[in-house]
Amino acid sequence: MSRLAARFNVRYPNFHLSVDLNLPTSGITVLFGPSGSGKTTLLRCLAGLERAADGFMQFGNDIWQDEAKGVCLPLYTRPIGYVFQEPRLFPHYSVRSNLLYGYKRIRMEERRISIEQVVTILGIAHLLERRTHKLSGGEQQRVAIGRALLTSPKLLLLDEPLASLDIQRKQEILPFIHRLHEELRIPVIYVSHAISEILQLADRVVLLKQGKLVGAGALNEMLTTLEYRGSFGSLRVGAVLDARVESHEPQYGLTQLEFKGQFLFVPLQPVAIGQPVRVHILSSDVSLVVGRTNSPTSVLNILEAKIVEIREMDQSSVDVLLDIGAPLVASITRKSLANLGLKPDQQVFAHIKAVALNEELTE
Amino acid sequence: MTEMDLSALWVTLRLAAMTVIVLLVVGTPLAWWLAHTRSRFRPIVEAVVALPIVLPPTVLGFYILVALGPYGPLGWLTNLTLAFTFTGLVIASVFYSMPFVIQPLQGAFEAAGKAPLEAAWSLRASRLDAFLTVISPIALRGYISAVVLGFAHTMGEFGVVLMVGGSIPGQTKVLSTTIFSHVEAMEYAQAHAISAFMLIFSFLVLLGVYVANRRFPIHVS
Numbered sequence: 000m001s002r003l004a005a006r007f008n009v010r011y012p013n014f015h016l017s018v019d020l021n022l023p024t025s026g027i028t029v030l031f032g033p034s035g036s037g038k039t040t041l042l043r044c045l046a047g048l049e050r051a052a053d054g055f056m057q058f059g060n061d062i063w064q065d066e067a068k069g070v071c072l073p074l075y076t077r078p079i080g081y082v083f084q085e086p087r088l089f090p091h092y093s094v095r096s097n098l099l100y101g102y103k104r105i106r107m108e109e110r111r112i113s114i115e116q117v118v119t120i121l122g123i124a125h126l127l128e129r130r131t132h133k134l135s136g137g138e139q140q141r142v143a144i145g146r147a148l149l150t151s152p153k154l155l156l157l158d159e160p161l162a163s164l165d166i167q168r169k170q171e172i173l174p175f176i177h178r179l180h181e182e183l184r185i186p187v188i189y190v191s192h193a194i195s196e197i198l199q200l201a202d203r204v205v206l207l208k209q210g211k212l213v214g215a216g217a218l219n220e221m222l223t224t225l226e227y228r229g230s231f232g233s234l235r236v237g238a239v240l241d242a243r244v245e246s247h248e249p250q251y252g253l254t255q256l257e258f259k260g261q262f263l264f265v266p267l268q269p270v271a272i273g274q275p276v277r278v279h280i281l282s283s284d285v286s287l288v289v290g291r292t293n294s295p296t297s298v299l300n301i302l303e304a305k306i307v308e309i310r311e312m313d314q315s316s317v318d319v320l321l322d323i324g325a326p327l328v329a330s331i332t333r334k335s336l337a338n339l340g341l342k343p344d345q346q347v348f349a350h351i352k353a354v355a356l357n358e359e360l361t362e
Numbered sequence: 000m001t002e003m004d005l006s007a008l009w010v011t012l013r014l015a016a017m018t019v020i021v022l023l024v025v026g027t028p029l030a031w032w033l034a035h036t037r038s039r040f041r042p043i044v045e046a047v048v049a050l051p052i053v054l055p056p057t058v059l060g061f062y063i064l065v066a067l068g069p070y071g072p073l074g075w076l077t078n079l080t081l082a083f084t085f086t087g088l089v090i091a092s093v094f095y096s097m098p099f100v101i102q103p104l105q106g107a108f109e110a111a112g113k114a115p116l117e118a119a120w121s122l123r124a125s126r127l128d129a130f131l132t133v134i135s136p137i138a139l140r141g142y143i144s145a146v147v148l149g150f151a152h153t154m155g156e157f158g159v160v161l162m163v164g165g166s167i168p169g170q171t172k173v174l175s176t177t178i179f180s181h182v183e184a185m186e187y188a189q190a191h192a193i194s195a196f197m198l199i200f201s202f203l204v205l206l207g208v209y210v211a212n213r214r215f216p217i218h219v220s
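If you're matching them up, the sequences are chains A and B in order. Residue numbers 0 to 362, in numbering that gives the first Met the number 0, belong to the letters of the first sequence in order. Residue numbers 0 to 220, in numbering that gives the first Met the number 0, belong to the letters of the second sequence in order.
What the hints contain is simulated information worked out from the structure, not anything from laboratory work. Ideal Cβ placement from N, Cα and C applies to all residues, glycine included. Keep in mind that a hint or two might mislead.
What the hints assert, rightly or not - Listed next, with one range per pair, are the computed distances between beta-carbon atoms: (1) THR86(B) <-> GLY136(A): 36 to 44 Å; (2) VAL44(B) <-> GLY122(A): 28 to 36 Å; (3) ALA52(A) <-> LEU23(B): 52 to 60 Å; (4) GLY122(A) <-> ASN212(B): 34 to 42 Å; (5) ILE199(B) <-> THR119(A): 53 to 61 Å.
Unchecked claim - In silico SDA-like pairs for lysine to any residue, Cα to Cα no more than 25 Å straight-line: (6) LYS133(A) <-> ALA114(B); (7) LYS113(B) <-> GLY35(A); (8) LYS133(A) <-> ARG140(B); (9) LYS153(A) <-> GLN209(A).
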């Protein structure tokens with residue numbers, strides 16, 4: 000499988016970026032970290048907009064930068080689509096001319112993505128003849144994404160493209176990013192500091208802190224690795240699961256999802272049976288029961304689980320990493336831990352009080 | 000206007016046009032460098048560029064005359080005597096009008112910033128392509144100001160022309176020096192005609208620029 004390998008070591012007056020990356024060239028990778036952690040700088044290094052003195056960057060079989068050999072391709076020769084935090088549309092061109100700017104500059108046989116395709120996916124057909132300053136922020140950012148896509152890039156870099164937009168506009172654009180990735184199969188590297196964007200988009204997370212790589216891996220693996228959990232802020236997500244719609248129970252207002260042979264109930268969803276859905280569970284919504292008690296419970300979602308790891312988070316609480324066929328974290332009190340005498344390798348039942356679909360998430 | 004006045008007008012227009020063309024070619028990269036460099040030499044270059052604004056034109060003219068003469072560095076390098084020729088006048092005017100072209104361009108490039116350039120690069124435009132198709136249209140107002148100010152300022156120069164050009168009819172005699180010789184010869188009517196012409200011409204040029212700016216505003220998001 001094709002991979003992206005990059006090493007950068009750049010010193011700025013008050014900041015030092017030192018990163019060694021190795022990622023598959025597929026799916027959506029989110030660069031995540033607090034502001035000042037070097038996400039944007041790393042993205043600019045990947046594009047060649049910042050030049051690391053001893054940098055190295057390889058995409059598949061193509062070497063884009065190898066300072067040991069004095070090689071660093073300028074951005075305009077790399078097959079990269081770049082969307083900046085601000086739309087940066089060209090004010091002297093119409094929307095159509097902005098879209099065509101890059102399209103006209105690539106060779107005919109490299110044009111894999113058509114104008115019609117982009118206009119449809121991004122829903123901007125009605126804007127084509129407008130001047131750019133007449134567009135709303137969300138519309139401008141959609142045009143910027145479309146303009147980048149029309150260069151048929153082999154790698155799409157997005158630098159917090161939603162940062163300047165309000166929540167409603169964000170929700171308007173997020174599905175587009177998901178769609179363009181699904182329909183056009185372009186690997187995406189996406190800079191974000193919003194946990195909600197990660198949960199909706201990411202296949203993979205690269206965690207940055209003060210210019211250093213903290214960790215990298217699949218989304219659920221990263222969210223459930225106990226030592227990384229502090230890095231994801233106050234929203235205590237215990238797991239993100241890619242499940243499938245099993246059946247609907249409209250009389251109870253419920254939809255049943257299947258995940259690795261176990262079942263979860265969520266409020267009724269307008270999603271066809273067999274379709275994939277991404278759900279998340281907050282670690283504080285998971286409680287643990289030792290042995291299957293005979294007393295009936297009102298909790299619908301009960302999963303068999305095995306304890307993998309226990310980590311103290313603060314004075315009163317601990318995080319328990321469970322294996323339910325995938326990792327799931329439960330946040331419980333230290334007192335409960337002592338009362339139940341929980342320890343690794345023990346079989347327990349996880350009672351899950353709420354499962355949310357990711358589209359419902361707000362910050 | 001006499002035939003001599005007309006030839007002076009022609010010399011003046013040619014001089015102003017040549018000066019502006021040379022300054023646009025030389026000044027664009029220099030203004031771009033000044034707008035974006037982090038070099039510590041930048042204030043020195045900026046000060047040198049701005050010198051003609053504060054220097055008496057005779058001082059500038061004197062040094063250019065010395066440099067252009069057969070024993071001056073430029074005269075020696077080219078093995079030509081450039082003083083008292085039209086070419087010499089163009090060289091002198093280029094220095095004299097330099098700040099009026101460089102400064103508006105530098106301001107326009109600073110206002111445009113690097114952001115649109117990076118966007119153009121990400122859309123496969125090479126450096127020159129990005130400059131021509133994105134930066135220069137965004138900096139259009141800066142270019143209009145540079146051309147108008149450079150042209151008008153060259154038309155109005157007197158001291159430098161007198162020092163370097165020597166007022167040779169058909170070659171280096173321009174309108175401003177013609178007015179002076181008319182006044183010296185007590186030909187007030189002719190002096191009046193040319194002065195009025197320059198006044199009205201300058202006003203119309205500036206009016207045209209301001210109207211154009213108003214009618215075709217450039218939107219920078």
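Now for the hints, and whether the structure bears them out:
no., hint, result
1, THR86(B) <-> GLY136(A): 36 to 44 Å, "violated (54 Å)"
2, VAL44(B) <-> GLY122(A): 28 to 36 Å, "violated (49 Å)"
3, ALA52(A) <-> LEU23(B): 52 to 60 Å, "violated (36 Å)"
4, GLY122(A) <-> ASN212(B): 34 to 42 Å, "holds (36 Å)"
5, ILE199(B) <-> THR119(A): 53 to 61 Å, "holds (58 Å)"
6, LYS133(A) <-> ALA114(B), "holds (20 Å)"
7, LYS113(B) <-> GLY35(A), "holds (21 Å)"
8, LYS133(A) <-> ARG140(B), "holds (21 Å)"
9, LYS153(A) <-> GLN209(A), "violated (29 Å)"
Checked against the numbered hints given earlier, the structure breaks hints 1, 2, 3 and 9 and satisfies all the rest.
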